[in-house]
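**Q** Each chain, letter by letter, is given below.
Protein chains: 2
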Amino acid sequence: MAGDDIGWIAGLIREIRDYPRPGVTFRDITPLLGDAEGFVKTINALADLFEDQAVDRVIGIEARGFIVGAPVAYRIGAGFVPARKAGKLPWAVAREEYQLEYGSDKLEIHRDALHPGERVLIIDDVLATGGTAQAAAKLVEGLGGELVGLGFVIEIEALKGRLKLGDRVAHSLIRF
Amino acid sequence: MAGDDIGWIAGLIREIRDYPRPGVTFRDITPLLGDAEGFVKTINALADLFEDQAVDRVIGIEARGFIVGAPVAYRIGAGFVPARKAGKLPWAVAREEYQLEYGSDKLEIHRDALHPGERVLIIDDVLATGGTAQAAAKLVEGLGGELVGLGFVIEIEALKGRLKLGDRVAHSLIRF
Numbered sequence: 000m001a002g003d004d005i006g007w008i009a010g011l012i013r014e015i016r017d018y019p020r021p022g023v024t025f026r027d028i029t030p031l032l033g034d035a036e037g038f039v040k041t042i043n044a045l046a047d048l049f050e051d052q053a054v055d056r057v058i059g060i061e062a063r064g065f066i067v068g069a070p071v072a073y074r075i076g077a078g079f080v081p082a083r084k085a086g087k088l089p090w091a092v093a094r095e096e097y098q099l100e101y102g103s104d105k106l107e108i109h110r111d112a113l114h115p116g117e118r119v120l121i122i123d124d125v126l127a128t129g130g131t132a133q134a135a136a137k138l139v140e141g142l143g144g145e146l147v148g149l150g151f152v153i154e155i156e157a158l159k160g161r162l163k164l165g166d167r168v169a170h171s172l173i174r175f
Numbered sequence: 000m001a002g003d004d005i006g007w008i009a010g011l012i013r014e015i016r017d018y019p020r021p022g023v024t025f026r027d028i029t030p031l032l033g034d035a036e037g038f039v040k041t042i043n044a045l046a047d048l049f050e051d052q053a054v055d056r057v058i059g060i061e062a063r064g065f066i067v068g069a070p071v072a073y074r075i076g077a078g079f080v081p082a083r084k085a086g087k088l089p090w091a092v093a094r095e096e097y098q099l100e101y102g103s104d105k106l107e108i109h110r111d112a113l114h115p116g117e118r119v120l121i122i123d124d125v126l127a128t129g130g131t132a133q134a135a136a137k138l139v140e141g142l143g144g145e146l147v148g149l150g151f152v153i154e155i156e157a158l159k160g161r162l163k164l165g166d167r168v169a170h171s172l173i174r175f
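Chains as they are written, first to last, in numbering that gives the first Met the number 0: chain A, 0 to 175; chain B, 0 to 175.
The following block holds chain A by itself, in its conformation from the complex (with noise of 0.2 Å):
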């Protein structure tokens, strides 16, 4: 993807101060979700990222993960896999536990929604403390997946996400 194609993206994330509390800028992606040049473009970028990995499944994480995930997904030729908060899934579950800065989350994946070495990418739109894109690969590892990455349309450097991920291959298009 071309410098120019990345900064084009950049200009049309809102940058809002002090949401969701005092002294935290959130970086809101839904202007360029929905400006439909940027969407194919920023989509298209995802998947070129991972185009030589032949995937079989794309694991999205709930919610906003859903968004971009699913179309990567329908862009590469894989089928589509919702991680889930606790309780939201209707058939038998494997869990995974993660710590936030106050308390702990719950993740989910169907137990059938993977087969032993079927090849997987996780997308998500922000990177920001790692916590959950970890736990969606523990989920994916523990199924017996091979996970070839891990995808996303934004990374806040200061948080320091990707020492979560240990080795694994993450990409993010932006990084604030």
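Source of the hints: derived by calculation from the structure; they are not laboratory data. Take the hints with a grain of salt, since some may be wrong.
What the hints assert, rightly or not - Result set (DSSO-like, lysine-lysine): computed pairs, CA atoms no more than 30 Å apart in a straight line:
| # | chain 1 | residue 1 | chain 2 | residue 2 |
| --- | --- | --- | --- | --- |
| 1 | B | K87 | A | K84 |
| 2 | A | K40 | B | K40 |
| 3 | A | K84 | B | K105 |
| 4 | A | K84 | A | K40 |
| 5 | B | K87 | A | K137 |
| 6 | A | K87 | A | K159 |
| 7 | B | K159 | B | K105 |
| 8 | A | K105 | A | K163 |
| 9 | A | K84 | B | K84 |
| 10 | B | K159 | B | K137 |
| 11 | B | K159 | B | K84 |
| 12 | B | K87 | A | K40 |
| 13 | B | K84 | B | K163 |
| 14 | A | K159 | B | K87 |
| 15 | B | K137 | A | K87 |
| 16 | B | K84 | A | K87 |
| 17 | A | K87 | A | K105 |
| 18 | B | K105 | A | K105 |
| 19 | A | K40 | A | K163 |
| 20 | B | K84 | B | K137 |
| 21 | B | K87 | A | K87 |
| 22 | A | K87 | B | K159 |
| 23 | B | K84 | A | K105 |
| 24 | A | K84 | B | K40 |
| 25 | A | K87 | B | K163 |
| 26 | A | K105 | A | K137 |
| 27 | B | K84 | B | K40 |
Stated by the list, open to error - Derived list of chain A stretches under chain B, where covered just means 3 residues or more per stretch with a C-beta under 8 Å from a C-beta of chain B:
| # | region |
| --- | --- |
| 28 | 59 to 65 |
| 29 | 79 to 87 |
| 30 | 125 to 138 |
Positions of the beta carbon are idealized from the N, C-alpha and C atoms, including for glycine.
With chain A's structure known, arrange chain B on it following the hints.
**A** Just chain B now, with coordinates in the frame of chain A:
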């Protein structure tokens, strides 16, 4: 879309009896989403239903509507706009309250996500009682959008959701 394809898609929908409560049969589309060929066929079939409509924006309803709506937007070259439950969107919202079996819920979209006269398509996974779909339609109309129609993967006919949509255009791929 050929009738053979519809039957093939229907075969990937899992029937879960007594979920989420006794007496209810839940139609689980995750096997369909997870199947690469089934997923592509589903998205293409939905997009084809509105192919002549020159859609500017596709609204997907949280959360499973994101999984279907976002790739439809990508496929037809439209922007994607999330309709979310109350309190999830970070910018100024339009809000619509709707009735549930017990109590009520609220759906929101960003006020600047649509402009008057834009042609809008609403996508969700299931048309059941129609409450959420009707709320999404009112949000679009309230912001001056021209609603070209609503598209669903599944329609549960016994719940008569279509009645709530009045004379709006609504299409579903599979009816139970």
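**Q** Against the 30 Å threshold, does the CA-CA distance of K105(A) and K137(A) hold or violate the hint?
**A** holds (12 Å)
**Q** Does K105(B) sit within 30 Å of K159(B), going by the straight-line distance between their CA atoms?
**A** holds (21 Å)
**Q** Measure nothing beyond the straight line between the CA atoms of K84(B) and K40(B); if it is 30 Å or shorter, mark the hint as holding.
**A** holds (29 Å)
**Q** Establish whether the coverage given for the region 59 to 65 of chain A by chain B is satisfied; the threshold is a Cβ-Cβ distance below 8 Å, and no fewer than three residues must meet it.
**A** Three-residue rule met by the region 59 to 65 of chain A, so holds; n is 5.
**Q** Count the residues of the region 125 to 138 of chain A whose Cβ falls closer than 8 Å to any Cβ of chain B, and tell me whether that reaches three.
**A** Violated - the region 125 to 138 of chain A has 0 residues with a Cβ nearer than 8 Å to chain B, which falls short of three.
**Q** Decide if the proposed pair is consistent with the structure: K40(A) and K163(A), CA atoms, cutoff 30 Å inclusive.
**A** holds (28 Å)
**Q** Taking 30 Å as the top limit, are the C-alpha atoms of K87(B) and K137(A) close enough?
**A** holds (27 Å)
**Q** Taken at face value, is the distance from the CA of K40(B) to the CA of K84(A) at most 30 Å?
**A** holds (27 Å)
**Q** Quickly compare the C-alpha distance for K84(A) and K84(B) to 30 Å and report which way the hint goes.
**A** holds (15 Å)
**Q** Under the criterion that the straight-line Cα-Cα distance not exceed 30 Å, is the pair K159(B), K84(B) satisfied?
**A** With a Cα-Cα distance of about 23 Å, the restraint between K159(B) and K84(B) holds, given a limit of 30 Å.
**Q** Would you mind confirming whether the straight-line C-alpha gap from K87(A) to K159(B) stays at or under 30 Å?
**A** Within the cut-off at roughly 24 Å; holds.
**Q** Has the given pair, K105(B) with K105(A), been kept, meaning a C-alpha gap of at most 30 Å?
**A** holds (25 Å)
Going down the numbered hints, you'll see the structure goes against just number 30.
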